[in-house]
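Chemist: Respectively, the protein sequence lines represent chains C and D.
The numbering of the first sequence is numbering that gives the first Met the number 0, which starts it at 0 and goes up by one.
The numbering of the second sequence is numbering that gives the first Met the number 0, which starts it at 0 and goes up by one.
By construction, these hints were calculated from the structure, which means they are not laboratory data.
Misleading hints may appear alongside valid ones.
Copies of the same chain are indistinguishable here, so a pair counts whether it falls within one copy or spans any two.
[What the hints assert, rightly or not] Taking lysine to aspartate or glutamate pairs in the DMTMM-like style, the calculated list, with each CA pair at most 20 Å apart, reads:
#1 Lys252 / Glu139
#2 Lys379 / Asp198
#3 Lys314 / Asp216
#4 Lys310 / Glu215
#5 Lys3 / Asp198
#6 Lys11 / Asp117
#7 Lys310 / Glu195
#8 Lys295 / Glu70
This is what each chain is made of:
Protein chains: 2
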Amino acid sequence: MDMKSKFSEKVKHLEASAIREMFKLMIRPEIISFAGGSPASELFPKDELAEIAKDILQNNSGVALQYGVTEGYAPLAEWVEKRLDKAGIVHDTDSIIIVSGGQQGIDLAAKSLLNAGDGVVCEEPSFIGGLNSFRSYNAEIYGVPMEDDGIDTDALEKTLKAHPNIKVLYTIATFQNPTGITMSLEKRKRVLELAEKYDFIIFEDNPYGELRFAGEDIPTIKSLDTYNRVVYFGSFSKILAPGLRLGFSCADKYLTDRMVVCKQVQDVHTSLLPQMLAYEFVTRYSIDEHILKLRKVYGSRCRLMIDCMEKYFPKCITHTNPQGGLFLFCAMPDGYDTKIIMQKAVEQNVAFVPGATTMIDISKTYSTFRMNYSASNEEKIETGIKRLGKVLYDTVGE
Amino acid sequence: MDMKSKFSEKVKHLEASAIREMFKLMIRPEIISFAGGSPASELFPKDELAEIAKDILQNNSGVALQYGVTEGYAPLAEWVEKRLDKAGIVHDTDSIIIVSGGQQGIDLAAKSLLNAGDGVVCEEPSFIGGLNSFRSYNAEIYGVPMEDDGIDTDALEKTLKAHPNIKVLYTIATFQNPTGITMSLEKRKRVLELAEKYDFIIFEDNPYGELRFAGEDIPTIKSLDTYNRVVYFGSFSKILAPGLRLGFSCADKYLTDRMVVCKQVQDVHTSLLPQMLAYEFVTRYSIDEHILKLRKVYGSRCRLMIDCMEKYFPKCITHTNPQGGLFLFCAMPDGYDTKIIMQKAVEQNVAFVPGATTMIDISKTYSTFRMNYSASNEEKIETGIKRLGKVLYDTVGE
Numbered sequence: 000m001d002m003k004s005k006f007s008e009k010v011k012h013l014e015a016s017a018i019r020e021m022f023k024l025m026i027r028p029e030i031i032s033f034a035g036g037s038p039a040s041e042l043f044p045k046d047e048l049a050e051i052a053k054d055i056l057q058n059n060s061g062v063a064l065q066y067g068v069t070e071g072y073a074p075l076a077e078w079v080e081k082r083l084d085k086a087g088i089v090h091d092t093d094s095i096i097i098v099s100g101g102q103q104g105i106d107l108a109a110k111s112l113l114n115a116g117d118g119v120v121c122e123e124p125s126f127i128g129g130l131n132s133f134r135s136y137n138a139e140i141y142g143v144p145m146e147d148d149g150i151d152t153d154a155l156e157k158t159l160k161a162h163p164n165i166k167v168l169y170t171i172a173t174f175q176n177p178t179g180i181t182m183s184l185e186k187r188k189r190v191l192e193l194a195e196k197y198d199f200i201i202f203e204d205n206p207y208g209e210l211r212f213a214g215e216d217i218p219t220i221k222s223l224d225t226y227n228r229v230v231y232f233g234s235f236s237k238i239l240a241p242g243l244r245l246g247f248s249c250a251d252k253y254l255t256d257r258m259v260v261c262k263q264v265q266d267v268h269t270s271l272l273p274q275m276l277a278y279e280f281v282t283r284y285s286i287d288e289h290i291l292k293l294r295k296v297y298g299s300r301c302r303l304m305i306d307c308m309e310k311y312f313p314k315c316i317t318h319t320n321p322q323g324g325l326f327l328f329c330a331m332p333d334g335y336d337t338k339i340i341m342q343k344a345v346e347q348n349v350a351f352v353p354g355a356t357t358m359i360d361i362s363k364t365y366s367t368f369r370m371n372y373s374a375s376n377e378e379k380i381e382t383g384i385k386r387l388g389k390v391l392y393d394t395v396g397e
Numbered sequence: 000m001d002m003k004s005k006f007s008e009k010v011k012h013l014e015a016s017a018i019r020e021m022f023k024l025m026i027r028p029e030i031i032s033f034a035g036g037s038p039a040s041e042l043f044p045k046d047e048l049a050e051i052a053k054d055i056l057q058n059n060s061g062v063a064l065q066y067g068v069t070e071g072y073a074p075l076a077e078w079v080e081k082r083l084d085k086a087g088i089v090h091d092t093d094s095i096i097i098v099s100g101g102q103q104g105i106d107l108a109a110k111s112l113l114n115a116g117d118g119v120v121c122e123e124p125s126f127i128g129g130l131n132s133f134r135s136y137n138a139e140i141y142g143v144p145m146e147d148d149g150i151d152t153d154a155l156e157k158t159l160k161a162h163p164n165i166k167v168l169y170t171i172a173t174f175q176n177p178t179g180i181t182m183s184l185e186k187r188k189r190v191l192e193l194a195e196k197y198d199f200i201i202f203e204d205n206p207y208g209e210l211r212f213a214g215e216d217i218p219t220i221k222s223l224d225t226y227n228r229v230v231y232f233g234s235f236s237k238i239l240a241p242g243l244r245l246g247f248s249c250a251d252k253y254l255t256d257r258m259v260v261c262k263q264v265q266d267v268h269t270s271l272l273p274q275m276l277a278y279e280f281v282t283r284y285s286i287d288e289h290i291l292k293l294r295k296v297y298g299s300r301c302r303l304m305i306d307c308m309e310k311y312f313p314k315c316i317t318h319t320n321p322q323g324g325l326f327l328f329c330a331m332p333d334g335y336d337t338k339i340i341m342q343k344a345v346e347q348n349v350a351f352v353p354g355a356t357t358m359i360d361i362s363k364t365y366s367t368f369r370m371n372y373s374a375s376n377e378e379k380i381e382t383g384i385k386r387l388g389k390v391l392y393d394t395v396g397e
């Protein structure tokens, strides 16, 4: 039998994440890759986690290896709740669940809320993992351009007027993926007002928020929400380790209840050993000190990358100036196709993410690209940017 | 805003797994619970896993803690493929993925194949986690009664004739949950012929297959499949540890490709440390020796439970005679409601799973119940069955 004839409508046209597919090609050790979204491996607290893991498995294996509850390992969920509460994120009507990476939180909320044909409006460019989840429930995706201080809220309102089917706004308001841009306080308030006026729900995806290395903190949209309209997603991937697959959601308790039922059918519960590792780490050590270390390293890598770009890139190539997170976003003059330039770059053993993979219509041509600075050390950043500079000069001329 | 007004059609009416909800109430230490589906905690190879975990995190943290590929940790996937290949399960056109528990395999295949209104036919009683996944994609569920040698294939054919929308048969052919019944070879062949005749796909969920403690092995349906109609799901939950959340699927490569895209949006990839733990365990130790130990213990617990039932239960109560797995299934005379009896049992500090939670229409009254023998030691089995016997005698009389 031809299985292809049986595919459901929702998944037939889904494309595998181009970033993750590229990821597989980039294992060639001579490639300097600015394409991933990986935190710095050398900063993982591996010795601490090794001791903790041994301790948990020897002394608490009945919990670590046995079935657990879908909502998550209670001590970790309580720790997350306290931490979010301090930041004003948890409201009286909210509940927390521990999920298998922030991505799962988005997917559970999407499944709980989206019918086929419902609209999701997002920043454009945006994070393809979020968009693909919405697509997998047959939602319609609408993009709104980014400005230096976040989503263009006037364009957003126009889109909302034009598409009354919009049920969800997906935003990475802080150190956005892929642009590194942070939404201003003013725009956060405006977005909330629009949510109330046009009756939609805001998915605030905040995996990078703790990684600020410049400027002043801005309150999360969730902490400003007095309408019960924000579903908040956080992650241990960037502050501890992505391989653990640990994240959390904070949302209205009735919605959380639906998300829990969906999580039961997805994976019953998040693997317990990673949950216990994270809990013991934050209990025995200071996660804030660890985060400070990450901020320092990522800040210096970001500044170095920008310095190198200004030295080695053609002058016509612009870049964003992130105050945190893992990414900056570059633009060539209009008309260039960074998918083609990417291939030339890989030939020169350097890689980035072409802008197309961050856009809603990936078949079009875009002259933008995303650069990750967290995963490469100083030497690699300098060498890689030099290599990429050459490829860009070859393309745009002097 | 009232979030409830925004729920998607597919999740609005989903009920949380009654078993998992009960699970939460049964943490009272004085309760002897035969209700779970847990393997024996005391048989987890905790010291071995503790050493391995420490070793992995100290010496291979760059892999264990960093992002990985969606298909799974390659050495583990290759090991699974070899093991399944030996059992004739892998066909040339198949691919393997490592999933976050067998449940995720079912859910990914369901999402990849089921449109709203598609039919899924299942054994009745069956495993509610599977059925809830199908429901969460708005599929219609049809039940077919069980006989001593598996699903009633004549009734199955009648159901197939009556419901041409049926796209999937969901079966736990070996040591079924909840009955412990194993489908005969003859019926396995018949089911395959029906699949070809009525053009449906078979989901063969096989988490218990390796836990045979009596009788002779019967080939999996997947190994008999010459039509490319079987999607196979396996699990490390019952042979290693469920808290790790590790399973695998073996299916047509095109379907697997769709499942991988769906897994990307669900959790990006399965947590790496559990995958590496499992791989290192099966490499450094003999999983077959470990499984032999489990079989021996579960076989003796099953026999003890049956002996105790024959001693302490009213004669009118029947039970299945499983040759493996974790469960046996009991029936009271018609007319009794085991949901009510369950409450009385819990008052007497003993628990089981009422039959209703294993049926498609959980609102009806059923006189059946599921008993787990793997998670309780000899003393608890004897004491618990004695307690339950009293409750049953109080209900049905002498």
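Chemist: Next step is simple, just say for each hint if it's right about the structure.
Modeler: Hints, verified against the model:
Taking identical chains as interchangeable, the C-alpha atoms of Lys252 and Glu139 are never at most 20 Å apart, the minima being 26 Å within one chain and 28 Å between chains. Taking the shortest alpha-carbon separations for Lys379 and Asp198, neither the intra-copy value of 47 Å nor the inter-copy value of 55 Å comes in at or below 20 Å. In this assembly of identical chains, the alpha carbons of Lys314 and Asp216 never lie at most 20 Å apart, being 31 Å within a copy and 71 Å across copies at closest. With identical chains, the CA atoms of Lys310 and Glu215 are never at most 20 Å apart, being 28 Å at best within one copy and 73 Å at best between copies.
When the C-alpha separation of Lys3 and Asp198 is checked against a cutoff of 20 Å, the pair qualifies only between copies, where the shortest distance is 13 Å, while the shortest distance within a copy is 39 Å. In this homomeric assembly, Lys11 and Asp117 come within 20 Å of each other (Cα to Cα) both inside a single copy, at 18 Å, and across copies, at 16 Å. Taking the shortest alpha-carbon separations for Lys310 and Glu195, neither the intra-copy value of 47 Å nor the inter-copy value of 66 Å comes in at or below 20 Å. Within a single copy, Lys295 and Glu70 get their C-alpha atoms no closer than 34 Å, and across copies no closer than 34 Å, so neither meets the 20 Å cut-off.
Taken one by one, the earlier hints fail for this structure at numbers 1, 2, 3, 4, 7 and 8, listed in ascending order.
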